[in-house]
Amino acid sequence: MKLQIGDKAPDFSVENETGEIISLSQYQGQKLVLFFYPRDNTPTCTKEACNLRDNYQHLRDQGYEVLGISSDPGKSHLKFIDKHDLPYSLLADTEKSMHEAYGTWVEKSMYGRKYMGTARTTFVIDEKGIISNIIEKVKAVAHTDQIIEG
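In my numbering, the protein residues as written are 321 to 470.
Please keep in mind that the hints were generated in silico from the structure rather than gathered at the bench.
Listed below are the simulated DSS-like cross-link pairs for lysine-lysine, each with C-alpha atoms no more than 27 Å apart in a straight line:
hint	residue 1	residue 2
1	Lys448	Lys416
2	Lys448	Lys328
3	Lys434	Lys459
4	Lys448	Lys322
5	Lys367	Lys459
6	Lys367	Lys403
7	Lys416	Lys367
8	Lys434	Lys367
9	Lys367	Lys457
10	Lys416	Lys459
11	Lys399	Lys367
12	Lys403	Lys416
13	Lys351	Lys448
14	Lys351	Lys322
Produce the entire structure from the sequences given, and follow the hints as far as they go.
And the structure:
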């Protein structure tokens, strides 16, 4: 079952980079940018994270909070945040429960080899917990523009 615009966003409770449990319900009344990315410190993921970092205040001014999610552990997220001075939390979905709920854990193919991995996808969730936008063709260096232009 694939999520669509207008669907209620699946709830979650997942640890962030410091081990704090973060839940969707904490963002009730706020717009939330939930971006799924494959790996910490890889070139495209770094460009995407830094684009959101560089435009973080602009997103906040528009009423958005930002959370990143990958299947990397919290320790890896902490290094990624420190290295690139990221102002938002990264969720450690090591069990891939969020990936499965949001449909971002998919079969991929590289050089003819098939494997499971994260589909780089961003969900914009409104103040009532409803998905208002889904960005599947993420442009790492222009991701903020994609979010704001909706």
